[in-house]
Amino acid sequence: MNAPYMAPADTPVRQVTITIDGEEVSVPEGSTILTACNEAGKDTPTLCYGDTLTPKNACRVCMVELKGSRVLVPSCSRKVQPGMEVMTDTERVRHSRRLVLELLGSSVDLSTTPRIPEWMERYNADPDRYGERAGESLRRDVHDPGEHHAGNGSIAATMAQPDKIDNDLYVREYDKCILCYKCVDACGPQWQNSFAIQIAGRGFDAQISTEFAVELPDSACVFCGNCVEVCPTGALSFKTEYDMRAAGTWDESQQTTTTTVCTYCGVGCNLELHVQDNKIVKVTSPHDHSVSHGNLCIKGRFGYAHVQSREKDGSS
Amino acid sequence: MDLKFSNAEPFAEERDAIDRRLGGPGEDGWDGGERDERDHRSAQTSLPAWSRRHLVLEALHAVNDRVGWISPGALNYIGKRLSVAPADVYSVATFYALFSTNLRPKRIVHVCTDIACVARGSKEVCEGLEKRLGPAGAMNGWKHSPCLGVCERAPAALAVEAGDPPHEHLIGPATVDEVLLALNNGPAALAAEAPPVMAVPQAGQEGLVLLKRVGQVDPESIDDYLATDGYAGLRRAFEMGPAQIISEVKDSRLMGRGGAAFPAGIKWESTAKQPATPRYLVCNADESEPGTFKDRALLEGDPFALIESMTIAGYAIGAERGYIYLRGEYPRSYRLLRNAIEKARERGFLGANILGTGWSFELEIRRGAGAYICGEETAIFNSIEGYRGEPRSKPPFPFEQGLFGKPTVVNNVETLYNVPLIMQIGGAQYAKIGTEGSTGPKLFCVSGNLVRPGVYEVPFGATLGEVLKLAGGVPQGRTLQAVLLGGAAGGFVRADELDIPLTFEGARANDTTLGSGVVLAFDDTVDLSGILLRIARFFRDESCGQCVPCRVGTVRQEEALLRIVHNHGDAGAKGRDVGLLRDVGLAMKDASICGLGQAAWNAVESAIDRLGVLKESR
Ligand SMILES: Cc1cc2nc3c(=O)[nH]c(=O)nc-3n(C[C@H](O)[C@H](O)[C@H](O)COP(=O)(O)O)c2cc1C
Ligand code: SF4
Ligand code: SF4
Ligand code: SF4
Ligand code: FES
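Residue numbers (my numbering), protein chains in the order written: chain G, 963 to 1278; chain A, 29 to 646.
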C-alpha cells in the first residue's frame, strides 16, 4: 500500500511538464511538485515529509507559490498537473518558510534536527524575536481542549517538558517534537499497525501520546522502533544515542555504517549497523529496501547485544 | 486486529450507557476481546466492528452525558466494542472541549466569555462567580466558554448535568444567581428556556420567507408544518426530478450561507455527476463562529423545514443518506430535530419509499462536542467518521472524496432552508429577490450593544446602517464605535461606514466579508483591545494543531497582543509587536491548511488598519 506505484515495465509512464521558476521540468504523472523541484535542482526544505509515508503536509516549510492559487501550496503533497507554474523563491515563499522556521524554532528544541542552521540562515529566520522562552511544563500530558492559561505575553509558550525515559530501548524528548505525525503514521495503519501512539489534545497543547499518557511498556508498543526511524527531529532516539549524547560521546563522524541482512527470521529485512568505537550504537534500515522500507521488528532493531558480547563463554 | 488494552474496566453505568448506544455485545460485530465458547477454534473477522469506527464520537457522548467524564475503563470499553485502539479513542476524546478525560463533577456551567457576551456583561457574571465559586475550572463547577450561539440573549451560559437522562439548559441573559441555582439544584430547577421566537424580533411579520414559521407554528407539530405549506417544496421537487431540481438551484444563483459563498447549484451538480456511490449529504449545523446564531433560530423555530430541504437535496444529488452535524451546545435543537425526524418518518416523508415515489432517504443527527474547527467542511467528515476533527487537505474536494471517501455535498443550514422556496417559485423567480450578485433572502445575526438584538431577515441589498436600524440601533446616550462583520474570522468596519451594502459583492468591494452573517455592534463603552484579545484567544483555543503556521502562529499572535495591551507606554515595543503580528498573520493566511488559520488574523488586521486600534497609545 505504501510502496511507490511502479507501472509495469511495458506501460509508458506519461510525463507531465510544468514550469518551476520559469524553467520547464518534466516528471512522471502522479509525481508531486517536490519531485519536480528536486528534478529541477531546487533545494526545498522539508520536515514532515517522509519518503516512506503518505504526505501529511503539516509543517508547511515546503510551501511554494502556484500561479492561480489564492494561497501557497505544499510541494510535498500537491501533485503536478500539466502547465502548472510554480515559483519557489518569491517574497511570499521566503516569508512563509522563514516564519515556519521561526515559529518552530521559538517553541521547539531543534538542536538535533538536520539542516536547521542552514535553513535558518537561508531564510533569515530569527526565532529569538518572540521573546523569552517558557521553561519545562509538567502539564503537557493533561488535556483541557479549548482552554489555556494566557499570561501577559512576556514569555513565549514552548514544548519544553521533561524527557520520557520509561524503557531501555528508546527515549522520547517531546520538547524536540514538531508534531509532524510521522511516528503516528508509522505506528498506525501505514506500517506497524500497533496503534500505540496518537496525537492527544488540540492546538498548541497537542502532544504525541499513548492513552492517558501511560508509559510505553504499559501501552500497545511492541518496541519495533519504526517511529524512531522516521522521526525528523531526534525527538525519538535510541537509548544508546540518548545516553551517549548526554555523556558527550556521540560522534557521527566517528561512525561507520554496515548494511547487512537480519538473521532472526526469513523475511529478509536489511539492517544498517551504525558502529562507533567498535560497538553497535544504533540500527536503522534502508528506506528504499523493497522488503522492509525502513521498518524492522524489535529483534532486528534492538537484538544486537549478543554481537558485541565480550564474554568468552557466550553467556553474555 | 489484535489490540492491547489495559486492565481498566468500565463502571456499570458507563457500560450501560455505551451498550445502549451501540447495542449489547454480540448484537453487531465483534464483542471486544472477550473470548467465549463461540470463539473456540474459529477466526472471526473484525470487519463488522471495524466499520463502526464512526460511532466513537457517539459512544464518547454516551459516557460523557451519563457520568460527566470519560474514565480509562470507559475508554477501553469503547475501544473494545468498536475495535479501535485505546490511544486512538483517547486522541479523539481529548480533541473536544465538551468531553473530559479527567474526573470532574456531574454539573458544569459553561459561561460564555466571547465577544458578544463581553459586550453585554459576561465579565461581571464571571467576577461574581469567581467570588462565590473560585476561579473558572471544571472542579469549581464552571468554565469559560467560547460563543454559545445565544448572542441575542447575552450574556449566555450553558448548564449541563450528566445523568440518565442528562439535563442541558441554555441560560440567557445569565446571572450569578441562576448559575448558582443550576449548580446547587441542577439545571432542571431553572425557569424554562426562553421560547425560540425570542431570537426573532421580526417574528410574525408579513413577507418573511426563511423565518415565516418561527413563533407561528408549534415546532414539534408536523401538522402545523403541513398546514403552513410544509412539504410543498418536496412534492414539487418529485415532479421535477433530480436534473431539473439542480438546474433550478443553479438558476436561483443561491450562494452558500456558511461563510464561503460558494454557488450551491454547482456544488450539487458536480457531486451528482460523480460516478462513485453512495453519495452523501451533510448539513453543517455546527454553527460555532462567534456571533452566529441564525441556524439555531431556524432549527428551533422551524425544524421540519430542514428535514424537507435535506430530502430534496438528497434526492437531487442521489444521496440516500444524510447527516446533520449539530453543534453539541444546542440541546433544544437536538431535541426538536430528533422529534422532527421521527414524525417525518412516521408520516412517510422520510425512510423507505417516500410518498410512494420509490425514493428512500435516511437522516441521522451527529452531535459535535465543542470544536469550532469541526464546522470546516472536511473536518466535519473526520469528526463524523470517528476521527479527530482535523481538516483534510484539498484537493481532493468533497464532491470527489468526502464523507467516507465518497462524493459529498456539505451545505449550511440556512443555505438548505432556501431550497423549498426555490422549488416552489422556481430558480428564475428566486433570483429576482435581492441583487444581481447576491440573490434571495438573507439572515443576519445582529447582536452586541443594540436595542433589539436578534436574527433579522432582509432581502439581499440592505445596507449595514439599515440592518442596525432594524435592531433599534445602539441604546440611547451611547455612540457606535465599530461593527464586526462575519464573526471572529471576519473583519471590523468603522462607525462611519454604515453605507456598506450587505451583499457578497458589496462586502468585497469594501474589502470586508459577510462571513456567516454576523453583524456585531460595539458602542463606546466597549474596550476594543479586550475584544481583540478574546478573538486571539479563540483562535488559539480552537486551532486543531495540525499545521505549524496556525498551531504556533495563533499562540504568538495572542502573546503579541497581550504585550501590546500590557505595555501601555513603550511605543518602540508596540511597533515591533505590530510588525510581528503582520509577519505571523501573513504566514497564517498564506501557509495554513484550512480557513481557520487563514482567517485567524483577519479581525486583528482590520482592527489595526481600519480602526487604528493598536496605534493610539492608551
Ligand atoms: C474554521 C471553519 C469553521 C466553519 N464553521 C462552519 C459552520 O459552523 N457552519 C457552516 O455552515 N459552515 C462553516 N464553515 C464553512 C464550511 O467549511 C463550508 O464552506 C460550508 O459549510 C459549506 O456550506 P454552504 O456552501 O452552504 O455555505 C466553516 C469553515 C471554517 C474554515
Ligand atoms: S516502537 Fe513501534 S510500536 Fe512502539 S510506538 Fe514506535 S512504532 Fe509504535
Ligand atoms: S516525535 Fe518525531 S516523528 Fe513524532 S511527531 Fe514528533 S517530531 Fe514527528
Ligand atoms: S489552519 Fe489551524 S485549524 Fe486549520 S488545519 Fe491548520 S492547525 Fe488545523
Ligand atoms: S514537508 Fe511539506 S508540509 Fe511539511
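Accuracy of the hints is not assured; some may be wrong.
Which chain G residues face chain A? A few, computed with CB under 7 Å, are given here [stated by the list, open to error]:
id	residue
1	A1020
2	L1028
3	K1029
Which stretches of chain A does chain G cover? Using the computed rule of at least three CB atoms under 8 Å from a CB of chain G, they are [as the list claims (entries may be wrong)]:
id	stretch
4	105 to 115
5	619 to 633
If you are wondering where the hints come from, they were derived from the structure by calculation, not from laboratory data.
None of these values were measured; they are calculated from a predicted model.
Using N, Cα and C, we set each Cβ at its ideal position, and we do this for glycine too.
Results for each hint:
1. The closest approach between the C-beta of A1020 (chain G) and any C-beta of chain A is roughly 5 Å, which is under the 7 Å cut-off, so the hint is satisfied.
2. With 7 Å as the threshold, the beta carbon of L1028 (chain G) stays out of range of chain A, its nearest partner Cβ sitting at about 12 Å, so the hint is violated.
3. Taking 7 Å as the C-beta contact cut-off toward chain A, the hint placing K1029 (chain G) at the interface is violated, the least distance being around 15 Å.
4. With 3 residues having a Cβ less than 8 Å from any Cβ of chain G, the stretch 105 to 115 of chain A passes the three-residue criterion, so the hint holds.
5. Only residues whose beta carbon comes within less than 8 Å of a beta carbon in chain G count, and the stretch 619 to 633 of chain A has 4; three or more means the coverage holds.
Figure legend: structure checked against the earlier numbered hints; hints not met, in rising order: 2 and 3.
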